[in-house]
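Chemist: Listed here are the chains, written in short residue letters.
Protein chains: 2
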Amino acid sequence: MDPLLDELRAALGTDAVLTDPDLLRAHQRDEADLCAAGAPLVITRPRDTAQVAAVVGAAARHGVPVVPQGARTGLAGAANAVDGAVVISTSAMTDILEIDPVSRIAVVQPGVVNATLAAAVAEHGLWYPPDPGSWESSTIGGNVATNAGGMCCVKYGVTTEYVLGLEVVLASGDVLRTGRRTAKGVAGYDLTRLFVGSEGTLGVLTEVTVALRPAPAESLTMVAVFPATTAAGAAVAEIATRGLSPSLLELLDQTHLRAIEAYRPMGLRRDAAALLLAAVDTGARAADDLAALAAVCTAAGADEVYAATDAAEAAALLQARRLAHPAMERFAADTYPDGNGGLIIDDVAVPRGSLAVMLDGVARIAAECDVPIGVVGHAGDGNLHPNIVIDRADPASLARGRRAFDEIMQLGLDLGGTCTGEHGVGLLKREWLAREIGPVGLRVHQAIKSALDPTGLFNPGKVL
Amino acid sequence: MDPLLDELRAALGTDAVLTDPDLLRAHQRDEADLCAAGAPLVITRPRDTAQVAAVVGAAARHGVPVVPQGARTGLAGAANAVDGAVVISTSAMTDILEIDPVSRIAVVQPGVVNATLAAAVAEHGLWYPPDPGSWESSTIGGNVATNAGGMCCVKYGVTTEYVLGLEVVLASGDVLRTGRRTAKGVAGYDLTRLFVGSEGTLGVLTEVTVALRPAPAESLTMVAVFPATTAAGAAVAEIATRGLSPSLLELLDQTHLRAIEAYRPMGLRRDAAALLLAAVDTGARAADDLAALAAVCTAAGADEVYAATDAAEAAALLQARRLAHPAMERFAADTYPDGNGGLIIDDVAVPRGSLAVMLDGVARIAAECDVPIGVVGHAGDGNLHPNIVIDRADPASLARGRRAFDEIMQLGLDLGGTCTGEHGVGLLKREWLAREIGPVGLRVHQAIKSALDPTGLFNPGKVL
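Quick mapping for you: the protein sequence lines, in order, are chains A and B. Numbering of the first sequence is given in the UniProt record's numbering, commencing with residue 1 and proceeding in unit increments. Numbering of the second sequence is given in the UniProt record's numbering, commencing with residue 1 and proceeding in unit increments.
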């Protein structure tokens, strides 16, 4: 009998304190490759703030680390378990507590799935914009913890722009409420945004107040096909320079186009070097705005530009983009059979003006390191996901992939970019974070971590 | 000879280390009323980051507090001097270091005036939206330190939405760089937004990287005149509920309308209970959008709705709104002659759905406390500025004004609002901040302050 487990069972009930070995294994890691994962002691499923505080208090008394987990769809290992940890799963905290259409806010428990919230607010003609690739399964708590991005960011911003307030259980067991329900507010330090993107290292989220927008007008969608990736990059820069405001501006390179066609044939041009997928949602102005985007793409060298003729075709194009990740996984599996093919999913963001240089650089790195790299990403934000294909069973392939990963990171920083545009640091990029923010930045991070979590209770080894 | 002054002169040159008594007096306070202000030891005017670090280092060695000042247009006393302090004025740090039209960013020193930056980026067809009332004189550094709002926030957000990165001199003398130049980024804690709105208590800003937007389309402007303030509040709620997106939605109550007409006759209706000033900047859609706003106002009970016929008339209406503050100061001076009339300028934000209740409540408080209160504000954000007219020479009037101030704050909190929507905490609202964020929130604030500024070097007594 473990006295910590006894305390947890007393506080939460036995059905919310789980030690089944299969379940423990299932909760070891998120979707990041190449990251270590420990063996947790127990998975807890608290239902409310008081129960989360009880779990945190018990863990603190026993000196056992706490790892918060949402849907474990993260791509940096931030949700990976550490040995002996108490995992706090938000899977039993799925209530939408309030939707207020006048003040345009919603208040939710952290385990609410992004798509569930989106559907609920749509009934009020409202919209929760952040749309990470995982939106159909990832949770608002996880989205907030990682400051998740997505495809709509190019016009509507990332998760942090929509988080008005939080409730957080601190390492002390205290329940902190941050932020507000108002459109504006400057009372004190912006603690809300300090917790957004802190990847579970500063506290456990128990409630999130988000801002909503009116539902956007129906969008018009187009595709531009480029014979060279740099031409696609130049088109993106010109779209930004002209102040055009697409609601979506995504890039797929040839590797991805071919992978998607192999995975699910959709009639994409396999001979193209890159494809830009763009949309506008400006209502009466949309046709004109789409024509302006098309003209820029043509002038930049696109050899084919076509608009979706109806909503079904637009949805199919968006679906092609959403298939990029599974298609590349299949491509990796086909490249290195026997289940050894894998992906290092990278995430780098550069100033929009440097996008073409970054695309060129990734191609050069792929050639130099002799690894296949496909690039997909949120071109309009300068946020790319180079996906490096590796043979997990071959140390040389792994080493080449690692080298390419490092060179991509270094190039991103050299271009004034960041080592992570939206996936986060987790375990995967701790060294790169340190390089990006430098020794002073690291000391400030550590000082804040120590101020809020002096014993290192929360998610030890992550981020810093 | 003061050894600290000698050190400062050695580091900055004598012309940047000022102890003239008139100058010291001029730098004692910002524009907040009712706030204590100390006598500074010296005003320093460093020209670059290294000189700021030198001043901070010297002050720290001598155990002398540091107070950063921009243009001292703040309304909460955050820039007020404290006795014996070294003031760091950013008045010699006025360089626009970079404007990048492709990545849509600008990099500036903190002393650049908001209007100067706005004009400089306009030459590139770009726009820096935050537009506090003081925008023609206030600095970007001050705007960032207070997270300034303004009239365009209702559609375009406040200062913090536009700050991508900062350079800050810390209490240790280290130079911290936060954030990024990219549209997206999640590398580490959001230190940028921790410093935004921290009112000079955590460090001294030395460089700001801001995001820019394409210049908006020309706007169309309208006015709706209401026989009752609650009808105006209801119109604002309905505008939000319908998802209409005005680029400006301001309210002036009868006290302000009369004060403006007395100050500079512009043909505003003195018999109206309230006026809503609204604009749209949606290009080809603008006329339809303005008609939709007008229809909502009429349905809510406006007895007159009219659109500006040209840009000059629109500018005049905007000018009327911008005159609200000086006009109310004149009104206070006329109400209590002999130079004793003054204003307590309040700043409260409530959820948009509670605006009508807040307006009613302020009228009730004015009657109960027997003080004139005029209300002006950013109605579309639920952010109101009740301006309380007092006789500074009459302790009873001051006490009634103070009571009204407190009751307005309490009502705002009771309605789920915040004690400051955009002016900040400074010295004016420390007690109200404590009430709003509670003991746990206050402890977390103090822990962060201690982590970054363990000896309390920066702006002591402010905010906390």
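Note that these hints are calculated values from the structure, not bench results. Mixed in with the good hints, there may be bad ones.
Examples of chain A residues lying across from chain B (beta carbon under 10 angstroms, computed) [claimed, not checked]:
(1) Thr-160
(2) Ala-240
(3) Gln-319
(4) Glu-422
Glycine is no exception: its CB is placed at the ideal position from the N, C-alpha and C atoms.
Chemist: Look at each hint and say if it fits the structure.
Modeler: Going down the list of hints, with the structure as the test:
1. Thr-160: At 7 angstroms from the nearest chain B Cβ, Thr-160/A passes the 10 angstroms test, so the hint holds.
2. Ala-240: 6 angstroms, holds
3. Gln-319: 23 angstroms, violated
4. Glu-422: Constraint on Glu-422/A satisfied, holds at 6 angstroms.
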